[in-house]
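Engineer: These protein sequence lines are chains A and B, in that order. The first sequence: position 319 = 319 (full-length UniProt numbering), numbered continuously. The second sequence: position 234 = 234 (full-length UniProt numbering), numbered continuously.
Misleading hints may appear alongside valid ones.
[Claimed, not checked] Label-pair distances were calculated between CB atoms; the ranges are: (1) L213/B / T46/A: 32 to 38 Å; (2) A423/B / F279/A: 44 to 50 Å; (3) V419/B / S207/A: 42 to 48 Å; (4) E53/B / T46/A: 29 to 35 Å; (5) N48/B / D6/A: 48 to 54 Å.
[Unchecked claim] Selected chain B positions facing chain A (Cβ under 8 Å, derived; list incomplete): (6) L108; (7) L177; (8) L408.
[Stated by the list, open to error] With a straight-line Cα cutoff of 27 Å, these simulated DSS-like cross-link-like pairs (lysine-lysine) come out: (9) K112/A / K435/B; (10) K434/B / K360/B; (11) K214/B / K434/B; (12) K112/A / K322/B; (13) K309/B / K322/B; (14) K112/A / K64/B; (15) K294/B / K112/A; (16) K334/A / K435/B; (17) K126/B / K112/A.
These are calculated hints, taken from the structure and not from any lab test. Note that CB positions come from ideal geometry on N, CA and C, so glycine has one too.
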Amino acid sequence: MLTTIDLAYWLPVIFAALMVISMFAYVILDGYDLGVGILLELESNTHEKDKMIAAIGPFWDANETWLVLGVGLLLVAFPMAHGVILTALYLPVALMLLGLILRGVAFDFRVKAQAHHQPLWNRLFFVGSLLATVSQGVMLGRYLTGFAPGWGAWGFALLVGASLVAAYALIGASWLIMKSTGALQQRAVVWAQRSVWFAALAAVLVSIATPWVSPRVFDLWFSLPNVFLLAPVPIMSAALFGVIAYSLPKLAQRQRNGNDNFCWIPFAATVSIVLLSFFGLVYSIFPHLVIDQLTIWQAASSTEALQIMFFGAALVLPTIIGYTIYSYRVFWGKAGELSYQ
Amino acid sequence: MSPDALTLLDPVVLARIQFAANITFHILFPTISIAMGWVLLFFKLRFNATGDEKWMAAYGFWVKIFALTFALGVVSGITMSFQFGTNWPGYMKTVGNIAGPLLAYEVLTAFFLEATFLGIMLFGQKKVSNRMHTLATVLVAGGTTLSAFWIIVLNSWMQTPTGFEMINGQAHVTSWLAVIFNPSMPYRLTHMLLASGLTVAFLIAGISAFQWLKGQRQAGVQAALKTGVFLAATLIPLQILVGDMHGLNTLQHQPAKLAAIEGVWETERGAPLLLFALPNSDTRSNDYAISIPKVASLILTHELEGEIKGLNEFAEHPPVAKVFWAFRVMVGVGMLMLLASWLAAWQIRRNGEPQPLVGKLLIGMTFSGWIATVAGWYVTEIGRQPWLVQGVLKTADAISSVPSGMVLSTLLMYLALYVFLLASYISVVFYLAKKAGQPAGEH
């Protein structure tokens, strides 16, 4: 009896953790893909555009799969919450899907279509990436307010949408700094320098607005002693933004001299900021799946269904991580031309 | 407002149209990528065995179309995974304990595998060993087939559910073996895999014939043409056999669907095979029927006087005309496939190449697999109505409470997008085929 009680408690927790990990992986991995898509509009040279795409070419498909896994886990492990959340997010989900479809197909069409159609597909690549990003931000914003009605809540959601554009642009630029050389790399440093301020501003605004719209989150963060225990989260985030802003001009200078050392610093710092943000989010929401409405235990599938999936996940996830690492090793280092060779 | 406009604003009807539009668009691409992965592996293995560059040329050309197809399949598949929640929240609430693990196993065992090794298959040829590249091809082909397996298991279970009990309105599994190996799964899986094989065979034959008639006589084009034609000629009789067995299975487990397929209203012995008819649900009879006596009973029961239950025996049954006609479109295309592939195969055996007229026939049938597959899916999916899960959950009870206007506006958005993408896909496939003949300038 004791074991069944434990399983009914722990399996939903484990699946919630897996879901958060998938979403984190998605935001980092497809975040840089979408970021490169957003930056594509800023680059006018077709050849340079090709190089930008080459830097995400072998990865984007698998990166996007983390979204499928994250939403899939919501669907299969927490069916009650899946219906509530996705019905409430009907419109932004539809727009995100439109964006992801455009981005995903433009990827292939832009190199295969007739020459005079290629600018159209480049434009659609950008539009799709931007639309998917804004929609994801709006979804997050709607979710954080518990799908509250009214202009204020929607305004907040749009603010989160705009913030995510800055964040993805920063991850995308950081990725390009690592994966490219020469003129493109210099451009990527400039893009990162611009987006880092927007991303920092966005982080500040979201950090203020979230407790503002949600009294529960306010109490969680600003009661004693929580306010002191949690202080490291914003302080470390601010420090990491400082690291990025400080390192970018240095990197640019070094790279002009052909020295590529520490080109990974902006990317690593951005990943760390996202990690801290995720910690803040999970801390604000757990153990709810729909804020103040539905806990993970209320929304979970039956224990036997979770058990079956747990065996599968325990067996397969390490394999997935293994071959994902393998794939990144194969395409390690600077991205070359995109060709089927 | 006219009554028709009112039904169009019915949320159940709208949600069904939207889901049908998405699933119709989605299925076009896995139908190609499932079998094309194996054809690419065949090209690669022939090259490994013979060292003949023509096989690598065929691989190099078709892997591009594979990548394009795969991308369209992935993005439209993601739409499906979201729509389970947005359009049919009642579905996961009722059968989530069964559908959930099956979908989870698809993502975990197949989706990541395909997506990761596709990167290596497409862009890694110079970065990994030839052996590793072949292995990546194997894993991508295996991944797409494994995907199909899990999805067909779930779909078959919705048609012929077994291995569960209902507790407080929720399905709970009593035997996973019974869920997975439900009565219609083996037939449906085989039928779908063969459909995929035929779709790819006709696509390759059609595009290669197009190149052939345009004067592209490279060895690679010839190799692909032969592969497509002989694959089609081999698979079509198998498909007819499996389709017949699948029909017998449907007679046993979903008699209402079968009665709709055959247009049988009254239970009868020695039922005729209807070649043409307009099923009329008002008079509950067929208008303008042209039929061959006793043949339906012969095909389905393998006896001239075998009994087929009529639609009037069922309190609820699927919409007859749609199922009836979708079935005839599928069978009609299948017959055309038999004719075209055997004719082309016979000519290639005799002369080494098809005559121009047969080549044109093959070009005309480039996407015939799509028509047959979609028609087949309509038979099976519309034939299950009004049930979403046969005998367990009605389609109308799984619907979400999203306002009709929102469903309608997103439906129009999806339709416009799908028409645009489909037109782009077909034109780019033919454009690539044309461009492959130009000596240089290929990136």
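Engineer: Does K214/B pair with K434/B here, judged by a C-alpha cut-off of 27 Å?
Structural biologist: 8 Å, holds
Engineer: Within 48 to 54 Å or not, the Cβ separation of N48/B and D6/A?
Structural biologist: Distance hint for N48/B, D6/A holds at roughly 52 Å.
Engineer: Measuring from the C-beta of L108/B to each C-beta in chain A, is the shortest one below 8 Å?
Structural biologist: 4 Å, holds
Engineer: Taking 42 to 48 Å as the stated bounds, is the beta-carbon spacing between V419/B and S207/A within them?
Structural biologist: 44 Å Cβ-Cβ, so the 42 to 48 Å window holds.
Engineer: Hinted pair, alpha-carbon criterion (27 Å max): K434/B, K360/B. Please report holds or violated.
Structural biologist: 16 Å, holds
Engineer: Regarding the pair K309/B and K322/B, is the alpha-carbon distance no greater than 27 Å?
Structural biologist: Since the Cα atoms of K309/B and K322/B sit roughly 19 Å apart, the hinted pair holds (cutoff 27 Å).
Engineer: K112/A and K322/B were given as a pair; does the straight-line alpha-carbon distance stay at or below 27 Å?
Structural biologist: 38 Å, violated
Engineer: When the nearest CB of chain A is found for L408/B, is that gap smaller than 8 Å?
Structural biologist: Cβ of L408/B sits 12 Å from chain A, so the hint is violated.
Engineer: Does the Cβ-Cβ separation between L213/B and T46/A fall within 32 to 38 Å?
Structural biologist: This hint holds: roughly 34 Å between Cβ atoms.
Engineer: Quick one, are K334/A and K435/B close enough, alpha carbons at most 27 Å?
Structural biologist: The hint is violated at about 30 Å.
Engineer: Under the criterion that the straight-line Cα-Cα distance not exceed 27 Å, is the pair K112/A, K64/B satisfied?
Structural biologist: 8 Å, holds
Engineer: Does the hinted range 44 to 50 Å hold for A423/B and F279/A at CB?
Structural biologist: Check passed, 47 Å falls within 44 to 50 Å.
Consistency note: the structure conflicts with the earlier hints numbered 7, 8, 12, 15, 16.
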